[in-house]
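Student: Since the structure of chain A is already known, use the hints to place chain V on it.
Protein chains: 2
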Amino acid sequence: MDQQDKVKQVVEASKSELQARSSMTHDSGRRSFLRNSLAAAGGIGAAGAGATAAAEALAVADSSKKMGRPIPPEEYGMPSKYEARVKRRRSDVLVNKQNFSDWSMTPLHQQQGMTTPNGLIYERHHNGVPDIDPDQHALVIHGMVRKPLKLSMSDLMRYPSVSKFYFMECSGNGLTDWLKPASKTVQQSHGLLCCAQWTGVPVSWVLDEAGLLPEAKWLVAEGADGSGHLRSIPVEKMLDDALLVYASNGEMLRAENGYPLRLFIPGWEGNVSIKWLRRIKAGTEPWHVRGETARYTDPMPDGMWRQFSFVMEAKSVVTKPSGGMNLQRGFNEIEGFAWSGSGRIKAVDVTVDGGKTWQEARLEEPVLDKCLTRFRLPWTWQGAPAVIASRAVDSTGYVQPTVEDIKKSRAITGFVQHGNGVFPWKVAANGEVTNGIG
Amino acid sequence: MDQQDKVKQVVEASKSELQARSSMTHDSGRRSFLRNSLAAAGGIGAAGAGATAAAEALAVADSSKKMGRPIPPEEYGMPSKYEARVKRRRSDVLVNKQNFSDWSMTPLHQQQGMTTPNGLIYERHHNGVPDIDPDQHALVIHGMVRKPLKLSMSDLMRYPSVSKFYFMECSGNGLTDWLKPASKTVQQSHGLLCCAQWTGVPVSWVLDEAGLLPEAKWLVAEGADGSGHLRSIPVEKMLDDALLVYASNGEMLRAENGYPLRLFIPGWEGNVSIKWLRRIKAGTEPWHVRGETARYTDPMPDGMWRQFSFVMEAKSVVTKPSGGMNLQRGFNEIEGFAWSGSGRIKAVDVTVDGGKTWQEARLEEPVLDKCLTRFRLPWTWQGAPAVIASRAVDSTGYVQPTVEDIKKSRAITGFVQHGNGVFPWKVAANGEVTNGIG
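Chains A and V, in that order, are what the protein sequence lines are.
According to the working numbering, the first sequence holds residues 658 to 1095 in order.
According to the working numbering, the second sequence holds residues 658 to 1095 in order.
If you're looking for bench data, these hints aren't it; they were derived computationally from the structure.
Note that the coordinates shown come from a computational prediction; the quantities given were computed from them, not determined experimentally.
Be careful, since some hints might not be right.
Copies of the same chain look alike in the list, so a pair counts if it fits in one copy or across any two.
[To be verified] BS3-like mimics (lysine-lysine), calculated; alpha carbons at most 30 Å apart, straight line:
no., residue 1, residue 2
1, Lys837, Lys977
2, Lys754, Lys723
3, Lys722, Lys754
Next up, chain A with everything else stripped away, as it sits in the complex:
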């Protein structure tokens, strides 16, 4: 079945679902979703009343009586003023007072489709955003290579490039909400997550050009920011799918996302995708830098700390309905995202009764490797309290664990890195949606 057919099937299924809901609720004497919403909008219940309301709505619009805004000679367009609430936001749970090693979150509940607009991609910096002139910037490849390289941005942009859709997630995504509720919205609980089409040059081509020595087993990448953030990465991953990225979602990187050059390590914790990339050095062992000893390690039940938990394992979250929303009775589509650093999303199950029963959601095409995948499930809410959650399965067969599962295999601390537990939202009888963890 090709993609077009799959999309058609989804459309047909959704349409049948709507019609089924409509006739079901109609048969049982209740108004259908659409009649409900129409009633709310303008009291349309029958053809006659509808015609009147429709005629009324067809009075010439105010906007049709005015000249609109003309086109300026040149412009970079901005969102509508009516969407000013759609912003990335700093944490309101872990309030950072000194402000230079900080993060902001993507408004996932307001994201449509698959990719996160560049202006809304979450931020995580260790010393703020540096100002780098691309004409002054260079990438150096050195260490265990036959021929060290110094590549300017214009050198790099003469290589052939590739463009790939991938998610990116901070290892700390969800760290405030794994044992008890802290965040009110999915932006705060899961917003260290984004998806973009990344454009750049495969690291393997540049390492090949530099003549990587066979005894080189690890590489260290370093950023040109105030923190000199750096991480050690195994050669195998660098040669597999790592990219030297200079653009996202069709245009050059934003300063806060690494302009003019970043490393991108698909499916791995975001902090290894070094921003403002200035060098890659080859060696035989990891460098054990602060970011892989004091940070980005996971405590184990035996008192040891696990180093190098690179892969962001399969995870999912419901974004609609989610915390802070008010659910209306009748038809609602449950929507969310699933992703896995190990491969494609194979299936997503959704529960509305706190995990007693699960239904398989529909996945929206294209379903790509290491990419956000949107899932959808039609649902009619009759007004009873509900607990909604999702559970992802990836192409390796890995099933997203519960928090209980994670607690068995990891030590319990206040915060969790690499927390990918099933995450519930509670719906109260009045429609209020709140964080249901713990």
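Tutor: Just chain V now, with coordinates in the frame of chain A:
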């Protein structure tokens, strides 16, 4: 072969190409692409010199000595100040003096990947951009339906939605450059073109809810702008894949792209995808509005004018190198876009000798229906004058015509609508790239 494998194949092919070029040019005594570019960057030719230059480059960067910009409490991010030249621009060929019925063009030569950032999507309005409060906006479905509907934006957003990647192109794209050169850049010659992931509700679901009568054969859609722009569209297309779109590329539409609601007719000329959509009326015949009699018609050799040339047929253009660029000798990747309103792109051929010989380019995945498809061909330029062009073939077998082909089947006028001819760029011996049409 799955997508991952295909991408791997492309990477391997590009790498082999680079290596082949490198050894070929090395064998023949000329410097390879990479050595050339490295030489330009820092005089790196051998391991020793490379090590020195690399060490020099590793002096602590200025940006590492400063605190960076902290994260504000909330923000919508913007492009780097160093990318300020990347803008959509009004025509500099057809200069519009009164400025309300106008257009601006997408900088295709600066677009990376598949989608056009929302801030760079071309504009075409008949009376400027209206300011519409989504809370006051409604869509009315009326005419030959059993039950007229009035839907508010919140009604529409309760329907299940779909998100689809599609190109959009103005029927007048390229109209100034079909017989002789007028535009200096591909932004000016082909920039009434974009690609986005569009999110919304299939028109078919709403027509189904309204009870479209079987005798209805055409629908007319109207915008709430100052021009009251409207177009007639056959029922079959509306039921097939038309969407009521409220978001593009992950966020709500921009004002200039139809906020809060537009019609989207995949693969058809952009002017039927009515922005600021306020009503859809069903009837038995087209309405023959000004936009389908005095405008958006094509003159034929017999003196008649063809009405309803809806489909944007297969077309392609090379974006790199393109007008205004200066080609450097050695390795260069030829890049461009291909698209078809009739289906998927099946193949793109590229010529560098003005059409004497053609080579098949690589298509970048995912290759989607009615979507921009990026093609790439590695090429080594030795300094001789060249004429570069591309020719697309779509999944129906349709081959992009030459301008000569179009002149045979259409009347010659100053401008052409639906001009999809093969478009050449001339490369002079000094590397200057100019418009090669005519």
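Student: How would you classify Lys837 and Lys977 at a CA-CA limit of 30 Å: within, between, both, or neither?
Tutor: within (21 Å within a copy, 53 Å between copies)
Student: If the cutoff is 30 Å on CA atoms, where do Lys722 and Lys754 land: within, between, both or neither? Let me know, please.
Tutor: For Lys722 and Lys754, only the inter-copy Cα distance (22 Å) is at most 30 Å; the intra-copy one is 50 Å.
Student: Please sort Lys754 with Lys723 into within, between, both or neither, judging by C-alpha distance up to 30 Å.
Tutor: Between copies only: 19 Å across chains, 48 Å inside a chain, cut-off 30 Å.
Every hint from the earlier list agrees with this structure, and none is contradicted.
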